[in-house]
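Undergrad: Please put together the full structure from these sequences, using the hints given.
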Amino acid sequence: MSASRPRRTRLLFALLTTALAGTLTLHPTAPPAQAAAPATFTHPGVTVSKPQLDFARSKVLAGAQPWKGAYDRMAASKYADLNRAPRPRAVVECGSYSNPNLGCTDEREDAIAAYTQALMWYVTRDARHATKAIQLMDAWSAVIRDHTNSNAPLQTGWAGSSWAKAAEIVKHTYTGGWADEGRFATVLRDVYLPEIINGSHSNGNWELTMMEAAVGISVFLEDRASYDKAMAKFRTRTAAYVYLASDGPLPKTVPGQNLDTRDKIVRYWQNQSTFVTGLTQETCRDLTHTGYGISSIAHVAETSRIQGQDLYGTDVGERLRHALGFQAKYEQGEPVPGWLCGGSLHLGLGPVTEVGYNALHNRLGFAMTNTQALTERTRPSGTNNLFVAWETLTHGDNPA
Numbered sequence: 001m002s003a004s005r006p007r008r009t010r011l012l013f014a015l016l017t018t019a020l021a022g023t024l025t026l027h028p029t030a031p032p033a034q035a036a037a038p039a040t041f042t043h044p045g046v047t048v049s050k051p052q053l054d055f056a057r058s059k060v061l062a063g064a065q066p067w068k069g070a071y072d073r074m075a076a077s078k079y080a081d082l083n084r085a086p087r088p089r090a091v092v093e094c095g096s097y098s099n100p101n102l103g104c105t106d107e108r109e110d111a112i113a114a115y116t117q118a119l120m121w122y123v124t125r126d127a128r129h130a131t132k133a134i135q136l137m138d139a140w141s142a143v144i145r146d147h148t149n150s151n152a153p154l155q156t157g158w159a160g161s162s163w164a165k166a167a168e169i170v171k172h173t174y175t176g177g178w179a180d181e182g183r184f185a186t187v188l189r190d191v192y193l194p195e196i197i198n199g200s201h202s203n204g205n206w207e208l209t210m211m212e213a214a215v216g217i218s219v220f221l222e223d224r225a226s227y228d229k230a231m232a233k234f235r236t237r238t239a240a241y242v243y244l245a246s247d248g249p250l251p252k253t254v255p256g257q258n259l260d261t262r263d264k265i266v267r268y269w270q271n272q273s274t275f276v277t278g279l280t281q282e283t284c285r286d287l288t289h290t291g292y293g294i295s296s297i298a299h300v301a302e303t304s305r306i307q308g309q310d311l312y313g314t315d316v317g318e319r320l321r322h323a324l325g326f327q328a329k330y331e332q333g334e335p336v337p338g339w340l341c342g343g344s345l346h347l348g349l350g351p352v353t354e355v356g357y358n359a360l361h362n363r364l365g366f367a368m369t370n371t372q373a374l375t376e377r378t379r380p381s382g383t384n385n386l387f388v389a390w391e392t393l394t395h396g397d398n399p400a
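The opening position of the sequence shown corresponds to residue 1 in my numbering, with each subsequent residue numbered one higher.
Calculated lysine to any residue pairs in the SDA-like style (CA-CA distance at most 20 Å, straight line): (1) Lys78 x Asp106; (2) Lys171 x Glu222; (3) Lys329 x Glu318; (4) Lys171 x Leu221; (5) Lys329 x Arg285; (6) Lys50 x Ala39; (7) Lys264 x Leu340; (8) Lys329 x Gly342; (9) Lys68 x Arg57; (10) Lys171 x Ala139; (11) Lys329 x Thr288; (12) Lys68 x Thr124; (13) Lys50 x Asp397; (14) Lys329 x Thr369; (15) Lys171 x His43; (16) Lys171 x Asp138; (17) Lys329 x Phe366; (18) Lys171 x Arg125; (19) Lys264 x Pro249; (20) Lys171 x Arg183; (21) Lys329 x His361; (22) Lys329 x Val276; (23) Lys264 x Ser200; (24) Lys171 x Pro51; (25) Lys78 x Asn385; (26) Lys329 x Asn370; (27) Lys68 x Pro351; (28) Lys50 x Arg363; (29) Lys329 x Asp286.
Worth flagging that the hints you see were computed from the coordinates, not collected in a lab.
TA: Shown next, in the form of structure tokens:
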């Protein structure tokens, strides 16, 4: 009798373990990501590479469309103004939906302006644009010390994404010197990175944008450890943000969010209970926030490709392709079925299709009919005034 009890105990434990494992497979998470950082970083290498910049510049100088029209739109924007005066703050305070807005818009738009001026410099070779980008970055690096209130992580992600793109182009293509580049790098490392690197349990676009900024900053700093940490969080969040039928009956989840029942997952997915390929965690919230998430997925995938690891051929690319196609279909005006978001969608995807469309359609050959139609109809794409800017110029039908 005494020998049989341990056997029964072991059998019960095995059965319980099997049952628990079966339950957990309803909410699988992404497998642990392997090290992603390259042995040597490529510069400029945040979302846009030097070959891509060279292609865009050659098309603009030749007067070819849609690039010349995209450049003209950028050049006419407030962000390209050489008289722009930066408006830095020591503490940027951003509450929910930027209320209060104490420096939030100023910081985001100065960062977009720095990126715009960097692109203007690259296309025109007019050094005034490079020095304006440097002026904007230096003004903020001399002052900024913290981001506060509830939107601080998202605000840091938005601004940090643009700062990294601007800094990469200026540092690695402008030969006129940047005396305070080290101070700017220190601010990215000490003020921006700590606010975003550990991620977020809020709506998925938050963490995706935060990881976009973290990856970009890591490239600029050549910080392999933070690059790997950010990329691992990005891959887990991407898998939990865009649903594929192959995921099973329920979407994947992010560890630590306590989404351990179907009811919790449905609530987190904006009360959407029917899951189909291409649906995102925020589709039933609105397509604008969904566009933020999709854009950051594309930006990180593009940065990763430039750095030598092409995620477009993985589930990241598959999720991006289907997310673009699913949202583009309804953004184009297809009637919304009753099972989707109660039969009503809040449209407004934004200028977010060019990067993913170029990579997946032009490079990999997927048809992407809906995404193509939306992309071509909305060219030249502009900026969402948060962290997306001028992507018809930089990525439209760009083979580099």
